[in-house]
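> As you go down the protein sequences, you meet chains A and B in turn.
Under the numbering used here, residues 56 to 248 are what the first sequence spells out, in order.
Under the numbering used here, residues 140 to 420 are what the second sequence spells out, in order.
Any given hint could be a false lead.
Unchecked claim - Among the chain B residues that face chain A by a calculated CB cut under 8 Å, a handful are:
hint : residue
1    : Arg173
2    : Ala176
3    : Leu177
4    : Ile219
5    : Gly368
6    : Asp373
7    : Lys394
8    : Ser396
Stated by the list, open to error - Far from chain B, by Cβ distances over 12 Å, these chain A residues were calculated:
hint : residue
9    : Glu74
10   : Thr100
11   : Thr221
12   : Leu230
13   : Phe236
Stated by the list, open to error - Straight line, CA to CA, 20 Å or less: simulated SDA-like cross-link-like pairs of lysine to any residue:
hint : chain 1 : residue 1 : chain 2 : residue 2
14   : B       : Lys369    : A       : Arg154
15   : B       : Lys181    : A       : Ala95
16   : B       : Lys192    : B       : Arg173
17   : B       : Lys269    : B       : Ile310
18   : B       : Lys181    : A       : Arg154
19   : B       : Lys181    : A       : Ala152
20   : B       : Lys181    : A       : Glu231
21   : B       : Lys301    : A       : Thr96
22   : B       : Lys181    : A       : Gly151
23   : B       : Lys181    : A       : Arg196
24   : B       : Lys181    : A       : Val153
25   : B       : Lys269    : B       : Glu334
26   : B       : Lys301    : A       : Ala95
27   : B       : Lys181    : A       : Val170
28   : B       : Lys418    : B       : Glu334
29   : B       : Lys181    : A       : Glu150
30   : B       : Lys369    : A       : Phe155
31   : B       : Lys369    : A       : Gly144
32   : B       : Lys301    : A       : Asp135
33   : B       : Lys369    : A       : Ile124
34   : B       : Lys181    : A       : Gly144
35   : A       : Lys239    : A       : Ser79
36   : B       : Lys181    : A       : Glu143
37   : B       : Lys301    : A       : Gly151
38   : B       : Lys369    : A       : Pro142
39   : B       : Lys181    : A       : Ala172
40   : B       : Lys369    : A       : Glu143
No lab work stands behind these hints, which were simulated from the structure alone.
Just so it is clear, CB atoms sit at the ideal spot from N, CA and C, and this is done for glycine as well.
Listed here are the chains, written in short residue letters.
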Amino acid sequence: MPFEMIVIGASWGGLRALEAVLGSVPRHFETPIVIAQHRATQSATGALPHTLAHHSGHDVCEPGDKDPIEAGRVYVAPADYHLLVDPEGFALSTEGAVRFSRPSIDVLFDSAADVYAERLAAVILTGANDDGAYGITRVRRRGGLTVAQDPAGAERPEMPLAAIATGAVQHVLPLEEIGPFLVKTVGSERTAA
Amino acid sequence: MAIEDLARASDDLERIEVQLLLEAIYQHYGFDFRGYALGSLKRRLWRRAIGEKVETLSALQDRVLHDPTVMERLLLDLSINVTAMFRDPTFFQAFRERVVPALRTYPFVRIWNAGCSTGEETYSLAIVLKEEGLYERTRIYATDINDRVLERAREGRFPLEKMREFTDNYIRAGGQESFSTYYTAHGDTATFSPELRSQVVFAQHNLVSDAPFNEFNVIVCRNVMIYFGKTLQDRVHELFYDSLDSLGILALGHKESIRFTRYEDRYEPLDVQEKLYRKMY
Ligand SMILES: C[S@@+](CC[C@H](N)C(=O)[O-])C[C@H]1O[C@@H](n2cnc3c(N)ncnc32)[C@H](O)[C@@H]1O
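This is chain B alone, in the form it adopts within the complex (with noise of 0.2 Å):
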């Protein structure tokens, strides 16, 4: 066999390794990562396996099956937590300017903000909410498939060493404030303000899997999806579509969109740039 063959070979191999692998960790965990993209997930699989010190996949779904503190590794690998406070500054500019209003109408506003990781997007909406008078009469439902970074979220304690990006990003957003009012310094830590999650409930919620569980005016969920294929997102969009009240708004991340997706009829956009659209029908 030439090189290339070889290569061709193992890859095809490596093909059937990683569909036995996610099927043993449904069969036996339920974490059903089937219908994730598969570039990123490789990518992680094998993150996983270097980890671990082994070879293949197959050694890797030993590993996974006999241990759970390695299936417990690998789900840290699997969910991508990247995140920060107003990343993407623009889309929480366009929230306070498109989405504020709407809610204002309300007597009482129910968020959901899906995949929220370790909860520093879910604090920079309770900070866009309260300075816009909205907080006290709104509940934000933040989950994630990954409870470490959820006890993280419940901790609202980042590192001291962000927050000059996080000021940054917070005054490009169109904040008024001193962002500092929101937070006390303890060493290396930055502490969020108690009041900023006296209205949040973060809770595991697995977009995969879990049924709907409440009505929400508002559901965001950003960079979440990019992670899914196709299907799989289609299934999702589901979910959000009937979970969202008549009116309620969707939004996605910046390189996100409902095009080619089964709800693209059902929804208008309000705001095209930043990823907003409003349920129709």
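Next up, chain A with everything else stripped away, as it sits in the complex (with noise of 0.2 Å):
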């Protein structure tokens, strides 16, 4: 059964994590990848996608709500929302923080599990919370692929500490193997028209 979704969840020093994981995932990747990064509620619309966009290559934005899934494109939770996967596809949500964190983790790995099951793929990268251990649980329940990043060389090893704690991550890798992990396992690549 092949993969269509990956999620990401990332917290503190996350940006550099983030642009070295989409940095080693090729511009032509089929898997639509998802993204809950913490941040300030006050965080400029759109200056997260630009400059993941800007170090990946990749076609990277914040989605609408009920706004199609689309293959080969990178999505990233809009500040101050949470982001949830639907049937119908993405969905938003100004709900309280959960565990001080808008977006939350946790509410997009839950959400995601729920519709894709053995379809997802979930990586928890560095933080300084536990945001993501609960959800991470959710996906491997559903038969997901889980991934942590090894927190030895993590910026700060809490998050992934927190989701490895749970037993639900099945693999933990340091950050510059996580990209080609993923091209590897889930990957479809758009075959060139």
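Assemble the dimeric complex from its two separately framed chains, guided by the hints.
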């Protein structure tokens, strides 16, 4: 069964880590990648996608409510909203912060696991809290593929450590190996037309 | 069965339980959540289940059907009421710059603030209209599905500790006055001037099942339809379209749009970024 989505959760130090992961994924990568990165509530719309697009060469955007999920794109949860995956596409929510975070990694992972089950891959990157630990157990319970950044090399180890402590993480990998691993395991590259 | 198969089987069961629960609520209480977006909905249902100390959504259904107070609590959970004064300051700035000039041409202005929650958005609109000299000839109909939040909106009392954030938003929205003139502080509460609701009618209205009730020059409905599925969104857009005067203006939340809805072609964008649309025909 091919994978239909990759979800990535990142917090403190996430920008650099995301650049590393996206940078090692080819531009014609088919599987949509959806990112929840913690950030200040007032961060400007479009700033994070812009930076990521610039550094990785990928098509990166912040989805609007009920936008369809398209192949070959990278999506970033907008500041101050939760991003959920619904059977009908993306959904946004202004529900209060979940464990101090909006966007919440748990909310994204949980909703994506519901929709895609074993066709979902989830990655936890650097961070100084435990958001995503619940979400990744949900992904694994539904049969999805789970990855965490090796805490030893992470800018902040707490978040990957919390995820690993749940027992739900199948692969613990150094940052530079995550992108290539996803390409090999999950990847379907668009054949050039 | 492998652990994944077990998990999947129980999740399929959950899907059935969600549907049955929503059907039960609709048939018994008349609240129709069947067309709401599933992701958020499930989160809220589980939140209530945990609150009621039950382990399945079927058990929650039992509680909801036999105890109206459980339904009341579920209703509170299902309506996500998070809001703030001048939430998204740039929107209120755009309202001043693009909507207000259009309204000046009318002798009397009717605004529908749908999904107003505890009223912060409504008071913000009232302040803008007052500062622009339009308030006295405006009536704002502020509605929500949830009676409890409307009660709080009518009181116009908000936690004093929020005033820093609200003042900051107000200034960033282009506010020129001293924000503190709009409220008086008692203990830990800020009570807003009754004048700011003299032209406001707070009333219960369910966007899913209630009919149009007036014709409006402006409809402000922000961060409400994001909780609806697409079919339901289309129906509410029909309601809004029918409730707008010709050249009436529709204002949605920052992450919402009329793209992909059936009414897309009936409006022209007034401000793409701020999600302001004008009804064309
Ligand atoms: C997140 S609040 C939005 C508050 C405000 N408009 C803002 O943007 O800050 C969503 C509101 O929509 C209301 N709501 C949900 N379903 C509704 C329905 N079917 N009819 C009317 N209001 C509804 C909820 O009760 C809640 O107060």
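> Hint by hint, note whether the structure agrees.
Each hint tested on the structure:
Look at arginine 173 of chain B: its Cβ only gets to about 14 Å from chain A, farther than 8 Å, so that hint breaks. Among the interface hints, the one on alanine 176 of chain B holds; its C-beta lies about 5 Å from the nearest C-beta in chain A, closer than the 8 Å criterion. Taken as an interface hint, leucine 177 of chain B checks out: its beta carbon lies about 6 Å from the nearest beta carbon of chain A, inside 8 Å. About 5 Å separates the beta-carbon of isoleucine 219 of chain B from the nearest beta-carbon of chain A, less than 8 Å, and the hint is met.
Hint status for glycine 368 of chain B: holds, given a least beta-carbon distance of 6 Å to chain A, under 8 Å. Annotation: aspartate 373 of chain B was flagged as interfacial toward chain A, and the flag is violated, the nearest CB pair being 11 Å apart, outside 8 Å. Annotation: interface hint on lysine 394 of chain B holds; nearest CB of chain A at approximately 5 Å, less than 8 Å. The closest approach between the C-beta of serine 396 of chain B and any C-beta of chain A is roughly 6 Å, which is under the 8 Å cut-off, so the hint is satisfied.
No Cβ of chain B approaches the Cβ of glutamate 74 of chain A within 12 Å, the least distance being about 25 Å, so the stated non-interface status holds. The claim that threonine 100 of chain A lies off the interface is violated: its Cβ sits roughly 7 Å from the closest Cβ of chain B, which falls inside the 12 Å cut-off. Consistency note on threonine 221 of chain A: stated as away from chain B, and its beta-carbon is indeed over 12 Å from all of that chain's, at 14 Å minimum. Leucine 230 of chain A, annotated as away from the interface, keeps every beta carbon of chain B farther than 12 Å; the closest lies near 28 Å.
Listed as a non-interface residue, phenylalanine 236 of chain A keeps its Cβ farther than 12 Å from every Cβ of chain B; the least gap is roughly 21 Å. Under the criterion of a C-alpha separation no larger than 20 Å, the hint pairing lysine 369 of chain B with arginine 154 of chain A is inconsistent with the structure, at around 29 Å. Annotation: proposed proximity of lysine 181 of chain B to alanine 95 of chain A is violated, straight-line Cα distance about 27 Å (limit 20 Å). A C-alpha spacing of about 24 Å is found between lysine 192 of chain B and arginine 173 of chain B, which places the hinted pair above 20 Å, so the restraint is violated.
This hinted pair checks out: lysine 269 of chain B and isoleucine 310 of chain B have alpha carbons roughly 15 Å apart, not beyond 20 Å. With a C-alpha separation of about 18 Å, the suggested pair lysine 181 of chain B and arginine 154 of chain A falls inside the 20 Å cut-off, and the hint holds. Between lysine 181 of chain B and alanine 152 of chain A the alpha-carbon distance is near 17 Å, which keeps this suggested pair within the 20 Å criterion. Straight-line distance between C-alpha atoms of lysine 181 of chain B and glutamate 231 of chain A comes to about 36 Å, which puts the hinted pair past the 20 Å bound.
Between lysine 301 of chain B and threonine 96 of chain A, the direct Cα distance comes to roughly 16 Å. Compliance with the 20 Å bound is thereby established for this hinted pair. Taking the CA atoms of lysine 181 of chain B and glycine 151 of chain A, the gap is about 16 Å. The hint holds against a cut of 20 Å. Of the pairs offered as hints, the one joining lysine 181 of chain B and arginine 196 of chain A holds, with about 17 Å between alpha carbons and a cut-off of 20 Å not exceeded. About 15 Å separates the Cα atoms of lysine 181 of chain B and valine 153 of chain A, which keeps this hinted pair within 20 Å; it holds.
Simply put, lysine 269 of chain B and glutamate 334 of chain B have alpha-carbon atoms about 10 Å apart, close enough for the 20 Å limit, and the pair holds. Restraint check for lysine 301 of chain B and alanine 95 of chain A: the C-alpha separation of about 18 Å stays at or below 20 Å, so the hint holds. As the CA atoms of lysine 181 of chain B and valine 170 of chain A are separated by approximately 12 Å, the hinted pair is consistent with the 20 Å bound. Pair hint lysine 418 of chain B plus glutamate 334 of chain B does not hold up; C-alpha atoms about 31 Å apart against a cutoff of 20 Å.
About 13 Å separates the Cα atoms of lysine 181 of chain B and glutamate 150 of chain A, which keeps this hinted pair within 20 Å; it holds. Distance restraint check for lysine 369 of chain B and phenylalanine 155 of chain A: the Cα-Cα separation of roughly 29 Å exceeds the 20 Å cut-off, and the hinted pair is therefore not satisfied. Between lysine 369 of chain B and glycine 144 of chain A, the direct Cα distance comes to roughly 10 Å. Compliance with the 20 Å bound is thereby established for this hinted pair. Annotation: proposed proximity of lysine 301 of chain B to aspartate 135 of chain A holds, straight-line Cα distance about 17 Å (limit 20 Å).
A C-alpha spacing of about 14 Å is found between lysine 369 of chain B and isoleucine 124 of chain A, which places the hinted pair at or below 20 Å, so the restraint holds. The hinted pair formed by lysine 181 of chain B and glycine 144 of chain A meets the criterion: a straight-line CA distance of about 16 Å does not exceed 20 Å. The hinted pair formed by lysine 239 of chain A and serine 79 of chain A meets the criterion: a straight-line CA distance of about 11 Å does not exceed 20 Å. As the CA atoms of lysine 181 of chain B and glutamate 143 of chain A are separated by approximately 15 Å, the hinted pair is consistent with the 20 Å bound.
Taking the CA atoms of lysine 301 of chain B and glycine 151 of chain A, the gap is near 15 Å; set against the 20 Å cutoff, the hint holds. Simply put, lysine 369 of chain B and proline 142 of chain A have alpha-carbon atoms about 11 Å apart, close enough for the 20 Å limit, and the pair holds. With a C-alpha separation of about 16 Å, the suggested pairing of lysine 181 of chain B with alanine 172 of chain A holds against the 20 Å cut-off. A threshold of 20 Å between alpha carbons decides the hint, and for lysine 369 of chain B with glutamate 143 of chain A the separation of about 8 Å falls inside it, so the pair holds.
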